[in-house]
Amino acid sequence: MERIGIVGYHQVRPELDLQMSPYECIFTAVRGALDHAGLKRKDITTVISATNDYYDGKTISNCFKVSAGGAYMKDESKVEMDGAHAAQYAMFRILSQNHKLAMVYGFSMPSCMPFECTRILELDPTFDRPISLMNSYSTCGMQMRAYMKKYGVSEEQIAEATATNWKNAAKNPLALQEAQKADMTAAEVLKSDYLASPLRELMYPLLGDGCTALILAPEKQALKITDNPVWITGVGNCQETYYFGERDLTTSLSMEKASEAAYKMAGVKPSDIDVAELFGYTACEDIILAESAGLAEKGKGDSLVAKGCLNPSGGATSGMTPCATGLNRIIEAVKQLKGEAEEHQVSGVKKAIASGQIGFCAQNNIIYVLEGGN
Amino acid sequence: MPLPDYEKKQYKVTRTMPGAWYLSNYKYKFNLSRMRIMLRGFKEGKILGVKCRGCNHVSFPPKLICGRCLVMPDQWVTLPDTGSVATGSGSPRTDQETGEIVIDPVILVRQDGADTVWIHNLPENYSFHDVYIGMPIKVHWAEELKGLWSDIEYYDPIEDMGDKINKEELAKK
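Taken in order, these protein sequences are the chains called A and B. Quick note: the first sequence uses my numbering, first residue 1, plus one each step. Quick note: the second sequence uses my numbering, first residue 1, plus one each step.
Read the hints as simulated data drawn from the structure, not as lab findings. Quick caveat, the model's predicted, so the values are computed rather than measured. It is possible that part of the hints are untrue.
Stated by the list, open to error - With a cut-off of at most 30 Å between alpha-carbon atoms, the simulated DSSO-like pairs for lysine-lysine come out as follows:
#, chain 1, residue 1, chain 2, residue 2
1, A, Lys74, A, Lys42
2, A, Lys300, A, Lys224
3, A, Lys40, B, Lys138
4, B, Lys29, A, Lys58
Stated by the list, open to error - Covered stretches of chain A (chain B as the covering partner; in silico rule of three or more C-beta atoms under 8 Å from a C-beta of chain B):
#, stretch
5, 273 to 287
6, 361 to 367
For each residue, glycine too, the CB sits at the ideal point set by N, CA and C.
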């Protein structure tokens, strides 16, 4: 595969109730990414957005964002999934050789929508939805309990990993202000109320309004735009069964398959990966995804968090913007490779992975292998 | 040959599940920065449009973002209170008193000096059949200006000088 370069990016810092209109928020991210790459709107040939009609409260929601997203009179399309999926779609457009530069953005405003209600609408209307007990919290709780039981992992270990995520978020200047908890301890996590046992309030991420944009370019153009692009050398995407009861929640088969494909494409092994920015709703899910990506032995993934090579930015705990969280993970991995992560920089990062997901308990996973250098 | 029965027999092999979309729980954020200035202009009987420094495109009502240049236009321009009908259509309704079908004109107004249009009204009972593209119109201000959208009550049709000149020239020929 021809290498695809990430040449520009910008993330609007998420806020619980952002004082910006949707258009202003998207404009800020897209304009910021163009400025970061030193490009003009006319240089972009295709724009791919990750937004969701249910989140925006509008049908065909991308049509309202054309001007703000830089898509006026351009090739434009939308992915109603995570921003990381939109990036893959943009890659396809570039690799088809019909497009040179692609703008990708992911946006949502959870302060304006009933997010947990929209998630219930993801459920199967015959078996799961009428029971009224299946939701984001209870599924995360079920996943956590199944994992803890199978591998003998204690609630304290999960709480410790969660506290590390909050502390990491404190070092991330683009984390939600309310998520920056430098003094968080496992004991405090365990003191918070249950959302759905064993999932506690402090184990679930805070939702933030925001937008993230990044610009992708084919190899030749990328080298003209910047001296040190970050390359996407591998990508894998896998979808598990829709029915919750048919899945083994203690692992992630979709992440296993997706990461295998991505590693093969990039010609790397899991042991080559220096840092992982994975999108899990909870620290437990981060660990499950990391184990499934081959970064740790099953049941031992919490050691990665302690080492600091799993989600040094805080992961989704640093503020979850639906549709943009996967893109945030990619940007954080890019920063690590460029040595621009400031306080949460991991030293000597040569290869990184970043992932996005959709569906309950990460039903679908997409993973990127990213490498720096020319 | 008899036509096939396309009507679905309810509850024979399917069942309808009730569902709800919680639309009442949604909020929509709107940037007031441009609208506030426009409404302040209304209070003084002024029509304010915003011009993009990149492409000189004037938008009224003022737009937050210029899609052509991907910038936030910030150059305010005062526009005349005249304009023209950019296009129009008719919206039929049943008159509650007479039961007759009345067609109300729906028009897009291009304010003179602006490159964009907005939807507005003509005076009540103005015949849909008298509306044409390019018809000159003028803002009909409310008696008391309060800095609200309703300060422009509707647009009054004004004499079409172009039409008059055309008719005079045709008569001469």
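Taking the hints in turn, this is what the structure says about them:
For the proposed pair Lys74/A and Lys42/A, the alpha carbon gap of about 9 Å is at most 30 Å, so the pair holds. Proposed proximity of Lys300/A and Lys224/A is contradicted: the alpha carbons are some 43 Å apart, above 30 Å. Of the supplied pair hints, the one linking Lys40/A and Lys138/B is violated, its CA atoms being roughly 40 Å apart against a limit of 30 Å. About 13 Å separates the Cα atoms of Lys29/B and Lys58/A, which keeps this hinted pair within 30 Å; it holds.
Counting residues of the stretch 273 to 287 of chain A whose CB falls under 8 Å from any CB of chain B gives 0; the rule of at least 3 is not met. Here's how the stretch 361 to 367 of chain A fares: 0 of its residues keep a CB closer than 8 Å to some CB of chain B, so the rule of at least three is not met and the hint is violated.
Hint check: violations occur at hints 2, 3, 5 and 6; the rest are consistent with the structure.
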